[in-house]
Amino acid sequence: MRGASSAKWVAGAIVIALAATACGGGDDDGGSKGSGKAGGTFRMGITEPVAIDPYNAQESEGTLVTDNLFTGLYEPTADGKVDAALATSKKVSKDGKTWTFTIKKGTKFSNGEAVDAESFIRGWNRVAVKTAASDVAYHMAGIAGFADAQSGKATTMSGLSAPDPYTLQVKLSAPDFEFYIKTTHTVFSPVPKVAGDAKNKAYNEAPIGNGPFKMQGKWEHNKSITLVRNDDYGLTKAHLDKVQIDILNSANGVTLEYQGFESGQYDWARMPTPQLPAAKAKYDPQGEWIQQDMSGMNYLMPITDNGPLKNVKAREAVSYAIDRDAIIKGVFQGMYTKSTTILPPSFTDVYQKDLCTSCIKQDKAKAKQLAAEGGLKPGTTIEIAYNTGAGHEEWVQAVKQQVEDVLGVKVKSTGKPFAELLADQQKPGATGMYRFAWGADYPTPDNFLYPLLDTASINKDANGKVTGDNRARYSNKKFDDLLSQARGTEDQAGRNAIYKQAEKVALDDMALIPLWNRTQLRLANTKKYAGLKMDFHEDPNLAEISMK
Amino acid sequence: MTELVSGTGEPTAAGPVPAAPGAEPSVARVSQWTDIRHRFFANKLAVVGLAIITVLILVAIFAPLLAPHDPLKQDLTQTLQSPGGAHWLGTDALGRDQLSRLIYGSRIAVIVGMASILVALVIGVTLGALAGYYGRWVDTVIMRVADVFFAFPLLIGAIVIILLMGRGVLPVVLSLGIFTWATFARLLRSQVLSVREMDFVHAAKALGAGQGRIIRKHILPNSLTSVLVYGTSNVGIAIVAEASLSYLGVGVDPEVAEWGNMISAGRNFMGVKDFMWTYPSLAIVITALGFILLGNGLRDALDPKMR
Amino acid sequence: MGRYVVRRLGQLVVVVLGATMILFACLFVLPGDPVGQIAGSDKARDPAVIEQLHKQYGLDKPLVVQYGTYVGKLVTGDLGTDYTQSRPVTEILGPKLENTAKLAVAAIIIDIVIGISVGVLAAMRRYSIWDVSATFITTLAIGVPSIVLGMIMQRVFVIELDWFPLIAGDSFEGIILPAFTLAIIDAALVAQLARSTMLEVLRADYVKTAVAKGLPRRTVLTRHILRNSVIPVITYLGISFGGLLGGAIITETIFNWNGIGLALIQAIQQNNNPIIVGVVTIGVAVFVVLNLVVDLLYAALDPRIRLA
Amino acid sequence: MSRTPVTKHDEGDGMTSLEMAPTDAGADGAAPLLEVRDLHVEFAVRDSVTKAVNGVNYSVSAGETLAVLGESGSGKSVTAQAIMGILDSPPGRIAKGEIFFQGQDILRLSEGERRKLRGAKMAMIFQDALSSLNPVLSVGFQLGEMFRVHQGMSRKDSKAKAIELMDRVRIPAAAQRVGDYPHQFSGGMRQRIMIAMALALEPDLIIADEPTTALDVTVQAQVMDLLAELQREYNMGLILITHDLGVVADVADKIAVMYAGRIVETAPVHELYKRPAHPYTKGLLESIPRLDHKGQELYAIKGLPPNLQAIPPGCAFNPRCAMAQDVCRTDVPPLVPVTELDGTELPGRHSACHFWKETIHG
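Chains as they are written, first to last, in the working numbering: chain A, 1 to 548; chain B, 1 to 307; chain C, 1 to 308; chain D, 1 to 362.
Hints are computed from structural coordinates only; laboratory data are not their basis. For clarity, every value in this text was computed on a predicted model and none was experimentally measured. There's no promise every hint is true.
Claimed, not checked - Where chain A lies over chain C, by a calculated footprint (3+ residues, C-beta under 8 Å):
1) 75-88
2) 144-152
Stated by the list, open to error - The calculated lysine-lysine pairs, modelled on BS3-like cross-linking and capped at a C-alpha distance of 27 Å, are:
3) C:LYS61 x A:LYS108
4) A:LYS412 x B:LYS273
5) A:LYS37 x A:LYS527
6) A:LYS201 x C:LYS55
7) B:LYS217 x A:LYS416
8) A:LYS400 x B:LYS73
9) B:LYS217 x A:LYS338
10) A:LYS282 x B:LYS273
11) C:LYS102 x A:LYS223
12) A:LYS364 x B:LYS273
13) A:LYS153 x C:LYS55
14) A:LYS153 x C:LYS73
15) A:LYS153 x C:LYS61
16) C:LYS102 x A:LYS465
17) A:LYS105 x C:LYS102
18) A:LYS199 x C:LYS102
19) A:LYS366 x A:LYS329
20) A:LYS465 x C:LYS55
21) B:LYS273 x A:LYS400
22) A:LYS171 x A:LYS97
23) A:LYS361 x A:LYS504
24) A:LYS416 x C:LYS61
25) C:LYS55 x A:LYS199
26) A:LYS130 x C:LYS102
27) A:LYS130 x A:LYS97
28) B:LYS73 x A:LYS377
29) A:LYS460 x C:LYS102
30) A:LYS427 x C:LYS55
31) A:LYS361 x B:LYS273
32) A:LYS218 x C:LYS61
33) A:LYS366 x B:LYS73
34) B:LYS44 x A:LYS329
35) A:LYS427 x C:LYS73
36) C:LYS55 x A:LYS416
37) A:LYS282 x C:LYS61
38) B:LYS273 x A:LYS280
39) B:LYS217 x A:LYS329
40) B:LYS73 x A:LYS410
Even for Gly, the Cβ is constructed at its ideal location relative to N, Cα and C.
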């Protein structure tokens, strides 16, 4: 029942990892692109993605395919940086509202059509229009004319224009000096004319792109997806001939990947929790063990405007009461690392280790004292809810036991399917705390702090239902001002300093209770392939690896 | 009988033969129940079944005394210990004692198993009796409803109800009860149909007994026996169904010490720490076997022809 | 006879509608919006997108209207589109139903071969060690629930002996373990049923008549004994085959057999209601149709049964 | 079914002496059609042994009708099944004795040879035709089966033969009804089919095991007349097993009365009715309600037939017998010829009672 759904950063699929500060294992041959022989078929197993057409690809399984079929303006790196892809240059106006990109000339789609500014505009509009009903269109919310496209008033976004065939100009409705980072998301991919609208079934099942690989045949649902090398790729061509991706059932997909790797059927695999110690002992010595700290975090989301955790001291008391090390060692067999920040360690420029003082070590006395000050009297009931079938049962029970033992409160834990859990969090009278996880869409602190903690992200509808992602209902004017100030700051270093301040404000208020990082653990066939590493989307860097 | 003697011979010499001395061979008054009891206890397998069930119920009742540790007490320093030492059957992912959880698991098994069959029996018997006795449209309506519930796969029905009512012992009992009454209704209906035709029912009617009285006094007692027998072996099936629900993650709450939860948790440890799932599996098999043997024993005792 | 079939088909429609109505009502009442969040992540969907999806899937309409449109389309064989990939349910469930059917057929074949032969052998060799051991083993087999049996099979044959790969997909060797897991319990029940009916038939007078008529042993066995004792067994097999076609949820989950049972469990986790209703509708319809087929077969085999 | 194991000499089973009851010659002096000599049949079920037949001796000749009379559990049906070789074994087995059929001890025959006799040379009619006919096969098929198996006749011809047989036993509209099933016929009609089946190959011996018990009186008489008529026509030997004295009187030539697995009296039918020579027979006769005994209390033999797993020592009837003396409780009375007071032989009459003289001559 694990891995209830396919999303990589799914709310806590129990694929866990040990945070190695630097990206770990695998013989690192300097990550140069071109070394080693050409050819070879790379095999791996994934669970059924939601979509492999960039208009709606959202989780790591979907992004694995779109990332290799398409190339956008920029490409994210594993350690939270951004590399240029088709964008040869970028220019932003003083007010941070107009962006101008120049596009590399001469690159083509695999069906021969040229890749130009028009193909980017076509791709972006295709996603933003109302009929597409895309889950990932919200990344374009900043572009002028997006609201009209979403509501169906317009079929294109007014902010997009192509002054000349290879120059793309983007006007934003609000200043955002980090807009170029957003374009690393595959939703910003260009598409050929033949793509048609987002509901074009044939294209959804076999997209034609401009990436290092192209589709062989169409998407065999719940069975397989096959990619082959795109020989007239505009940038550095891939070495692999073919990538054979099996689609496994999500009920025990992880176990199947592991069994596949053990039997030599797969070159890349996840592992079920119980097998980790044995797998590490077996494969780490041979360099086939990849451990990487990824851009995602596991939290407890407290409801800050209602119920027992309304008071910041009560929230801190709960944080102090949890012995994260004991849970990691006992339940996760030492494979997780405790997190002491809101932003993930992979954002190296802004990472402030031990910022959350109450997360460093369990302190029963401090917890009791803060509980008393925070009005969290023994005997009160705190609810903790989590989604079933994703492997949270054990650690939630551990947290429940610890909080009950230390604070003498009654913790009521309930497991619910996803839809109900979300509805619970959104309803006006929500109280207590929820198991919560968040993964970055693109490597910028803004992608964490804004949607989770900005007052604007609460977005209550008519009858008080919280429709945004800030379901903790955290609202702090000082925090909001810092964020908008950061968005208005052009230079990167200046922005990062402001983000750090904002994180401190949020942690002082205990807006989210950090638990443990989201470090990813894979088995990789480094005997057969050189340069095999995990990319930003927690997928293998297919375009770069080559046969040994 | 036609006239015997064909008119030639005169009646035989002596009148009725004088009563012979000699004792009347006493035929022990064998009441129906003692006879059944004899047949039941003669059947070795049935006795084994009865023994298993008695032990199960005793363990369930005296769980607090038998369990060495508190089944819910976690000890994160002692997680996934192999059997032996302080924990005879090892510990689970939260360091809880598996033996204690196994013992407390018997409580859930007995409660859920018997309660759900009780629910199913109550619904099934009432509707089955009504359908069987009144017939015509009452019968068709009830039987069609029974068909719906009969065709509705048990696990799916239970899952939907548990999603509605949330996880816990009561929802599991209700959902199992609601989706297994159909078999009892059908069984009872056919019993009632056959008993209704029997002469003693006509006789009772002839003597002016009211409808309710006939059902209660005559039809039900005779029809109930086979339904009870079927019910006994079904308790085993209900326990297995309940464990399967937990296995699919929709049974009782996960932290509750229950065999299905333990197997579900243990499943990930297959090949690495098999003790996590082998002991709860054994418990379920023995319990299910116990009820089946008991059910078979009762059936054979009540219906000797079956041997 | 024709009238009987028509009446039964009428009942079939009522049962299938009844089942879907119950399910629809339950799923409708379930708290939470099936399309409320991005597949399996904590990211809430944008209200505008939700509203658009509600319109697209007709979720904005009241239950009765939703049910009406569903049944309307059901008649034409269209089971609607699913929520995660908005593909037609029939297209999604088609190949899965095929896999479930393959598994069901394999299981039934094992049932027949093992079940009947063990049952007949035990009956013919009454009170012999065959009979006693057969009864004991079959009772034991019935006691083992499929979750335990599946895990034992997987543990022994896949991990320990490595005879079967875990990821066999729907190849031939992939079907052996799940089929046996499904069949073992059923075969045991069939064996016991075959044995008890055989014993009853052996006691029947017409077998004595057959022998008294000087018929050879083989003719007595095939034409008189088996012909009569096979009828209840066929009835049971028909019903259990109907159940199997409804998707063996547990076995398919354990062995990752891509059937409609597994599809159902995943649909329930992702609140993919159209798939849930689709699987149940197919399961119930197939079950009821097979019940009808079994009844007709029963009447054909046993002349005493007159189809009212 | 399987070959019945026969043990030649069984260490004594309480029988004091092995009497070879004199076999009475058949009507034409030749060896009798069938002769059962000192037949013992036991049923071993787990630990208890039921002695169903304890030394039966009787014989029947062609054209002759022997009635075998006895309460249920007296072993009369078991003897018949032993003769036909259709005993359930296990648990049944022939412990001792011989069965001579047309001069040959058929117990020595192999199962194959024995099978050839069944249906062709000897046939059996059972009590309840509804349960004795295969419910799922048409009547025509079950009749035709005799010809197809024994004479390799084609399906078409055997069907014609079946119709012919049904006509012969006077079943109306035989041609239309040949395809019908047993449950579609009335009790009497079904019994006629049983008779037709038995007569199909014109066997020499017919054993009718309570052929009319399941029928009501009027139909009973028709069936018995038909049976008698056919017997005369084919000059067959008929063993009529019944517990109904009325039926016996009209049809039988001689009677053998059985009790607790043994023959207690044999006699020509009218002789027996006039002067029974065994208290049990006497009791049976007196328990028949008589018109001229209107208003008097009905006589019934007190007690119940013995439990065959624990047959009382001596004469099995002694607990229920009014004339029982000590000797009856110790010595098993041999089956001895019955004579007039002056000792003259009464042909065909035997009795197994120490006080048969007092019983017959009063």
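Status of each hint after checking the structure:
1. With a cut-off of 8 Å between beta carbons, the stretch 75-88 of chain C has 3 residues touching chain A; three or more are needed, and the interface restraint holds.
2. Note: the stretch 144-152 of chain C has 0 residues with beta-carbon separation from chain A under 8 Å; the three-residue rule is not met and the coverage is violated.
3. Between LYS61 (chain C) and LYS108 (chain A) the CA atoms are separated by roughly 46 Å; this puts the pair beyond 27 Å, and the hint is violated.
4. For the hint pairing LYS412 (chain A) with LYS273 (chain B), the CA-to-CA distance comes to about 30 Å; that exceeds 27 Å, so the pair is violated.
5. Distance hint between LYS37 (chain A) and LYS527 (chain A) is fulfilled; the C-alpha atoms sit about 14 Å from each other, no more than 27 Å.
6. At roughly 19 Å between alpha-carbon atoms, LYS201 (chain A) and LYS55 (chain C) fall within 27 Å of each other, so this suggested pair holds.
7. Restraint check for LYS217 (chain B) and LYS416 (chain A): not satisfied, since their Cα atoms lie roughly 48 Å apart, outside the 27 Å limit.
8. Restraint check for LYS400 (chain A) and LYS73 (chain B): satisfied, since their Cα atoms lie roughly 11 Å apart, inside the 27 Å limit.
9. For the proposed pair LYS217 (chain B) and LYS338 (chain A), the alpha carbon gap of about 70 Å is over 27 Å, so the pair is violated.
10. Distance hint between LYS282 (chain A) and LYS273 (chain B) is fulfilled; the C-alpha atoms sit about 17 Å from each other, no more than 27 Å.
11. Proximity of LYS102 (chain C) to LYS223 (chain A) is assessed by CA-CA distance (about 17 Å); at most 27 Å being required, the pair is judged to hold.
12. Our distance criterion of 27 Å between C-alpha atoms is broken by LYS364 (chain A) and LYS273 (chain B), whose separation comes to about 34 Å.
13. Simply put, LYS153 (chain A) and LYS55 (chain C) have alpha-carbon atoms about 17 Å apart, close enough for the 27 Å limit, and the pair holds.
14. Of the supplied pair hints, the one linking LYS153 (chain A) and LYS73 (chain C) is violated, its CA atoms being roughly 32 Å apart against a limit of 27 Å.
15. Taken as a hint, the LYS153 (chain A) and LYS61 (chain C) pair is honoured in the structure, with Cα atoms around 24 Å apart against an allowance of 27 Å.
16. With a C-alpha separation of about 47 Å, the suggested pair LYS102 (chain C) and LYS465 (chain A) falls outside the 27 Å cut-off, and the hint is violated.
17. For the proposed pair LYS105 (chain A) and LYS102 (chain C), the alpha carbon gap of about 54 Å is over 27 Å, so the pair is violated.
18. Distance hint between LYS199 (chain A) and LYS102 (chain C) is unfulfilled; the C-alpha atoms sit about 34 Å from each other, more than 27 Å.
19. Only pairs whose Cα atoms come within 27 Å are accepted, and LYS366 (chain A) paired with LYS329 (chain A) is accepted, the gap being roughly 23 Å.
20. Taken as a hint, the LYS465 (chain A) and LYS55 (chain C) pair is honoured in the structure, with Cα atoms around 20 Å apart against an allowance of 27 Å.
21. Under the criterion of a C-alpha separation no larger than 27 Å, the hint pairing LYS273 (chain B) with LYS400 (chain A) is consistent with the structure, at around 26 Å.
22. For the hint linking LYS171 (chain A) to LYS97 (chain A), the alpha-carbon distance of about 6 Å falls within 27 Å, and the restraint holds.
23. With a C-alpha separation of about 18 Å, the suggested pairing of LYS361 (chain A) with LYS504 (chain A) holds against the 27 Å cut-off.
24. Only pairs whose Cα atoms come within 27 Å are accepted, and LYS416 (chain A) paired with LYS61 (chain C) is accepted, the gap being roughly 25 Å.
25. At most 27 Å may separate the alpha-carbon atoms for a hinted pair to count; LYS55 (chain C) and LYS199 (chain A) meet this at roughly 15 Å.
26. Simply put, LYS130 (chain A) and LYS102 (chain C) have alpha-carbon atoms about 42 Å apart, too far for the 27 Å limit, and the pair is violated.
27. The hinted pair formed by LYS130 (chain A) and LYS97 (chain A) meets the criterion: a straight-line CA distance of about 24 Å does not exceed 27 Å.
28. Using a Cα cut-off of 27 Å, the hinted pair LYS73 (chain B) and LYS377 (chain A) holds, with the two alpha carbons roughly 23 Å apart.
29. In summary, the hint linking LYS460 (chain A) to LYS102 (chain C) is not supported, as the alpha carbons are separated by about 51 Å, beyond the 27 Å threshold.
30. Note on LYS427 (chain A) and LYS55 (chain C): the hinted pairing holds, with a Cα-Cα distance of about 22 Å set against a maximum of 27 Å.
31. A distance of roughly 31 Å separates the Cα atoms of LYS361 (chain A) and LYS273 (chain B); the hinted pair therefore is violated under the 27 Å criterion.
32. Pair hint LYS218 (chain A) plus LYS61 (chain C) does not hold up; C-alpha atoms about 35 Å apart against a cutoff of 27 Å.
33. Distance check on the hinted pair: LYS366 (chain A) and LYS73 (chain B) sit about 24 Å apart at the alpha-carbon level, within 27 Å; holds.
34. A threshold of 27 Å between alpha carbons decides the hint, and for LYS44 (chain B) with LYS329 (chain A) the separation of about 51 Å lies outside it, so the pair is violated.
35. For the hint pairing LYS427 (chain A) with LYS73 (chain C), the CA-to-CA distance comes to about 34 Å; that exceeds 27 Å, so the pair is violated.
36. Straight-line distance between C-alpha atoms of LYS55 (chain C) and LYS416 (chain A) comes to about 26 Å, which keeps the hinted pair within the 27 Å bound.
37. Taken as a hint, the LYS282 (chain A) and LYS61 (chain C) pair is broken in the structure, with Cα atoms around 56 Å apart against an allowance of 27 Å.
38. Proximity of LYS273 (chain B) to LYS280 (chain A) is assessed by CA-CA distance (about 16 Å); at most 27 Å being required, the pair is judged to hold.
39. Of the supplied pair hints, the one linking LYS217 (chain B) and LYS329 (chain A) is violated, its CA atoms being roughly 65 Å apart against a limit of 27 Å.
40. Annotation: proposed proximity of LYS73 (chain B) to LYS410 (chain A) holds, straight-line Cα distance about 15 Å (limit 27 Å).
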